[in-house]
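Peer 1: Spelled out from the first residue to the last, the chains are:
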Amino acid sequence: MEERIIDVNFGPQHPSTHGVLRLRVKLNGETIVEAHPIIGYLHRNAEKLSENKFYPSVLIFMDRLDYVSNHNMELGYVLAVEKLADIEVPERAQWIRMMVVELNRIASHLVWLGTMGLDLGMITPFFYTFREREKIVQMFEMLSGARLTYNYISIGGVYKDIPNEFKDKFLEFYNEFPKRLEEIQKIFDENEIFIQRMKGIGYLSPEDAMSYSITGPVLRASGIKYDIRKKFPYLHYDKVEFEVPTSNECDNYARYKVRIEEMKQSLRIAKQAFDRIPEGEYFNPVYRKQGLLKIKGKGEVYSRTESPRGEFGVYIVGDGTYRPYRVRIRSPAFHNLSATNIMVKGLKIADMIATISTLDPVFGEVDR
Amino acid sequence: MINVLLFIEYILKYLGIDFSVYGIYGQYVQEILVYLIASLLILLAASLTIIIVIYIFRKYMADLQQRIGPNRVGPYGLLQLIADALKIFGKEDIIPDRADPLLFRFAPYIVFTFLVLSYLVIPYGNLFGLDLTFVNVKYTLLLLIAFSAIAPIGEVIAGLSSGNKFSMLGALRAAAQDLSYEIPMVISALGVVVLLSGYGDSLNLANIAKYPWPLAILEPIGFFVFFIAMVAKMAVVPFDLPESESELVSGFNVEYSGLRFGIFYLGVFGSVFLASLFISVVYLGGGSDFIFYGSGYIWLLIKAFIFMFIFLTLWIALPRIRVDKFMNFGWKILLPLSLINLVWSVMLVGLGVF
Chain A
1 MEERIIDVNF GPQHPSTHGV LRLRVKLNGE TIVEAHPIIG YLHRNAEKLS
51 ENKFYPSVLI FMDRLDYVSN HNMELGYVLA VEKLADIEVP ERAQWIRMMV
101 VELNRIASHL VWLGTMGLDL GMITPFFYTF REREKIVQMF EMLSGARLTY
151 NYISIGGVYK DIPNEFKDKF LEFYNEFPKR LEEIQKIFDE NEIFIQRMKG
201 IGYLSPEDAM SYSITGPVLR ASGIKYDIRK KFPYLHYDKV EFEVPTSNEC
251 DNYARYKVRI EEMKQSLRIA KQAFDRIPEG EYFNPVYRKQ GLLKIKGKGE
301 VYSRTESPRG EFGVYIVGDG TYRPYRVRIR SPAFHNLSAT NIMVKGLKIA
351 DMIATISTLD PVFGEVDR
Chain B
369 MINVLLFIEY ILKYLGIDFS VYGIYGQYVQ EILVYLIASL LILLAASLTI
419 IIVIYIFRKY MADLQQRIGP NRVGPYGLLQ LIADALKIFG KEDIIPDRAD
469 PLLFRFAPYI VFTFLVLSYL VIPYGNLFGL DLTFVNVKYT LLLLIAFSAI
519 APIGEVIAGL SSGNKFSMLG ALRAAAQDLS YEIPMVISAL GVVVLLSGYG
569 DSLNLANIAK YPWPLAILEP IGFFVFFIAM VAKMAVVPFD LPESESELVS
619 GFNVEYSGLR FGIFYLGVFG SVFLASLFIS VVYLGGGSDF IFYGSGYIWL
669 LIKAFIFMFI FLTLWIALPR IRVDKFMNFG WKILLPLSLI NLVWSVMLVG
719 LGVF
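As they're listed, the protein sequences go chains A and B.
Counting in the working numbering, the first sequence runs from 1 upward without gaps.
Counting in the working numbering, the second sequence runs from 369 upward without gaps.
Rather than coming from a laboratory, the hints here were simulated on the basis of the structure.
Be aware that one or more of the hints could be misleading.
Listed next, the in silico EDC-like pairs over lysine to aspartate or glutamate satisfying Cα-Cα at most 16 Å (straight line) [as the list claims (entries may be wrong)]:
(1) K298/A / D86/A
(2) K231/A / E249/A
(3) K693/B / E30/A
(4) K693/B / E192/A
(5) K160/A / E141/A
(6) K533/B / D7/A
(7) K294/A / E82/A
(8) K53/A / D319/A
(9) K225/A / E261/A
(10) K348/A / D386/B
(11) K225/A / E207/A
(12) K294/A / D86/A
(13) K179/A / D189/A
(14) K533/B / E30/A
(15) K83/A / E300/A
Computed, partial: chain B to chain A, Cβ under 8 Å [to be verified]:
(16) R426
(17) V605
(18) E613
All residues carry an ideal CB built from backbone N, CA and C; glycine is no exception.
Using the sequences provided together with the hints, build the complete structure.
Peer 2: Here you go:
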C-alpha cells in the first residue's frame with residue numbers, strides 16, 4: 001500500500017491546544033511523522049512595552065503572562081526589581097508571598113489536572129478540580145480583591161494585609177484539600193483506560209530534557225532533581241521543609257504523578273509559611289510614604305523563581321532612570337514546548353494531545 | 369391481544385375512513401395509510417424519547433459534576449431543549465466550498481432515518497393488552513442489525529464529503545470502529561439465536577423477547593461482548609473515536625451547522641436509547657409479561673432506562689480509549705470471546721441443558 005503523508009494544522013483554534021498553540025503536523029494515517037509547534041498568536045509585546053513603563057507599572061504585564069499562576073509571575077519580576085533597586089522587604093511580606101505563591105501553584109496544577117482530563121475525553125474531573133481551585137481563588141479575592149489578575153505582590157511587600165477571615169478559610173482549605181485531592185486522584189488512577197493512555201507515552205529522556213533546557217515538573221519527571229526553590233533558594237524556601245518529587249519513568253504518567261505530589265508539597269509549604277507569618281509591617285514603610293514611582297535602577301539583575309511550569313527568569317537592565325532599559329523574560333513553558341517534536345514523533349494523534357497537555361503550556365507566557 | 373396495526377385499522381374504520389370499499393386498489397391505499405400512521409407514531413415516539421433522554425442526560429451529568437444543570441427555561445429547565453433547538457435551527461446552514469454538496473446534505477438524514485427505522489423494528493411488548501409490535505416479519509433481528517449498521521455509514525459519508533482533513537480522519541475512524549464492533553456484536557447475538565432455536569423463529573425479536581428469563585445469566589460472555597459493542601455503537605465516550613472532540617475538533621461532523629448538526633446531535637442520544645432497548649430485548653427478556661401482566665412495555669422501559677443510566681455513567685466518567693487500542697480490543701478480544709460464546713451456546717443446546 002502506498003504511504004501518503006498529509007499535512008494537518010492543529011490550531012490555533014482547537015479545543016485542546018491550551019490557548020492558541022498551532023501545530024503543523026505531518027500525519028501518516030493516525031501516526032505522527034512530525035509535529036512542529038508554531039507560536040506567537042498571543043504575542044502582546046510585554047517585554048518591549050515594559051521599557052516605556054515605570055518600574056511598578058510593569059507588574060500588570062507580568063500578571064498577564066501566565067494567567068493561571070499570576071502570583072508566581074509577579075513574584076519573579078518583583079524580586080528582580082528589589083534586587084536591582086536594593087529595596088528591603090519586611091519579613092511579614094516575605095512569608096505572605098511564599099504562602100500565596102504556593103497556593104497559586106496548587107491552583108495552577110489543578111487547572112492543569114482538569115484540562116488534562118478534558119484532553120483525554122473525561123469531562124467530569126474538570127469540575128472537581130475547578131471546585132477546589134475556586135476555594136483558592138476566593139482566598140485570593142479576599143487578599144487582593146481580584147479573581148484573576150491579582151496585582152497583589154508588589155515591589156516592597158504586598159499591597160494589603162491579610163484579613164481576619166482569611167485565616168479560617170485557609171485552615172479549612174488546608175484540612176480539606178488532601179482528602180479532595182485523593183478523591184480526584186482516584187478518578188484518574190483507578191481507571192484502566194487512563195493508565196493505558198499515559199504510561200509509556202511521550203517519553204522524554206533526561207539527556208533530551210537537559211539539552212532542550214526544560215525545567216519544572218517536566219524535568220523532574222525525567223528523573224533530574226532540579227528545583228530552584230532548593231538549588232537557589234529565594235524568599236525563605238531554605239527555612240521550610242519540603243521535598244522535591246521526582247520520577248524516573250520520563251513518560252506522561254510520571255509527569256502526572258510529579259505534579260500531584262507537588263501539590264501536596266506546596267500545601268505543606270503554604271501551611272508552614274502561614275504558621276510563621278510574623279507580626280509587623282507588610283509593606284516597606286519608606287516606599288509607603290514616597291510611593292513606588294520613584295524607583296530607579298542601575299545595572300543588571302536576573303532573578304529566577306520556580307513557577308508551576310519551571311524556571312521563570314526575569315532579566316532587567318536598568319540605566320539609572322525611572323524606567324527599565326530592558327526587560328527580558330525567560331518563560332519556562334516556551335522552553336518546555338520546544339521538545340514537542342521529539343516527544344510526539346511516532347505517536348498517535350490522541351497521544352500527541354495528551355503529551356502536549358502534560359507539558360502544560362500557558363500561552364500568555366509562551367508568547368509573552 | 370390485539371396488534372397495534374390492526375388497532376389503527378379499526379380506529380380508521382370507526383372514524384369512517386375506509387378506502388377498501390373501492391376495490392383492490394383501495395385496499396392497498398388503506399394498508400399504506402395504516403403503515404403511514406404507524407410510522408408517524410414511531411417517529412413521534414422516537415423524537416419524544418430523544419428529548420427525554422437529552423434532558424435526563426443533562427440533569428444526570430450535572431448531578432455527577434456537582435452542578436445544577438438546566439433550570440432557567442421552563443419548570444426545572446424542561447424547555448431548555450426547545451430553546452436550544454430554536455437556536456440551532458436558526459443558525460446558518462453552511463455548506464463548505466470543498467464539500468460534495470449532495471452527499472453533504474444527505475448524510476445526516478441517512479443517520480437519522482435508519483435510526484428511526486431501527487426503532488420501528490423493536491418489539492415493544494404490550495401495553496394494556498395492545499400488542500406494540502410494528503414489524504412482524506420472520507427475521508426482525510437481522511433487520512434491526514442491518515438498519516442500525518447503516519448509521520455509521522452515514523457518518524462516513526458525512527466525514528468524507530465535508531472536504532476537511534479532520535472530518536476525513538473522523539470518517540476513517542468511524543469506518544474502522546464500525547468493523548471492529550459490528551462482527552463481535554452479530555456473533556454474540558447469534559448465541560441467543562442458537563440458544564432459543566427450540567422455541568420457534570429465533571431470528572424474530574418478538575419471539576426472543578417472549579422468553580421471560582434473562583439470557584444474560586446463561587450467556588455472560590455474550591452479554592459482555594454485546595454490551596461493549598453497544599457502547600461502541602453509540603459512539604460516545606469511551607468509544608467516541610469518530611467524534612473525539614479534543615483530538616479531531618468534532619470529527620466527522622466538524623463542518624456541519626444548524627439543522628444538520630442538530631440531527632447528528634439528536635442521533636447520538638437516539639442511538640443511546642436504541643442500544644438500551646436492543647440489549648434489553650435480546651439479553652434480558654425484553655417486554656415479556658413478567659411482572660406487569662398485559663403491560664410488558666413498562667417492564668421493557670424500566671430495563672432500558674437502567675441500561676441507559678449505565679451507558680450515560682460510562683459516558684460521563686471515562687476517558688477516551690485510543691483508536692488502535694480499540695481496534696486491537698475489538699479484533700483480538702471481543703471477536704474470540706464472541707466465538708467462544710457461540711460454541712458455549714451450541715454446547716448448551718447440544719447437551720440438552722437448554
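Peer 1: A separate judgement is required for each hint: does it hold in the structure or not?
Peer 2: Results of checking the hints against the structure:
no., hint, verdict
1, K298/A / D86/A, "holds (10 Å)"
2, K231/A / E249/A, "violated (23 Å)"
3, K693/B / E30/A, "holds (12 Å)"
4, K693/B / E192/A, "holds (12 Å)"
5, K160/A / E141/A, "holds (12 Å)"
6, K533/B / D7/A, "holds (9 Å)"
7, K294/A / E82/A, "holds (13 Å)"
8, K53/A / D319/A, "holds (14 Å)"
9, K225/A / E261/A, "holds (14 Å)"
10, K348/A / D386/B, "violated (63 Å)"
11, K225/A / E207/A, "holds (13 Å)"
12, K294/A / D86/A, "holds (13 Å)"
13, K179/A / D189/A, "holds (15 Å)"
14, K533/B / E30/A, "holds (12 Å)"
15, K83/A / E300/A, "holds (9 Å)"
16, R426, "violated (12 Å)"
17, V605, "holds (5 Å)"
18, E613, "holds (6 Å)"
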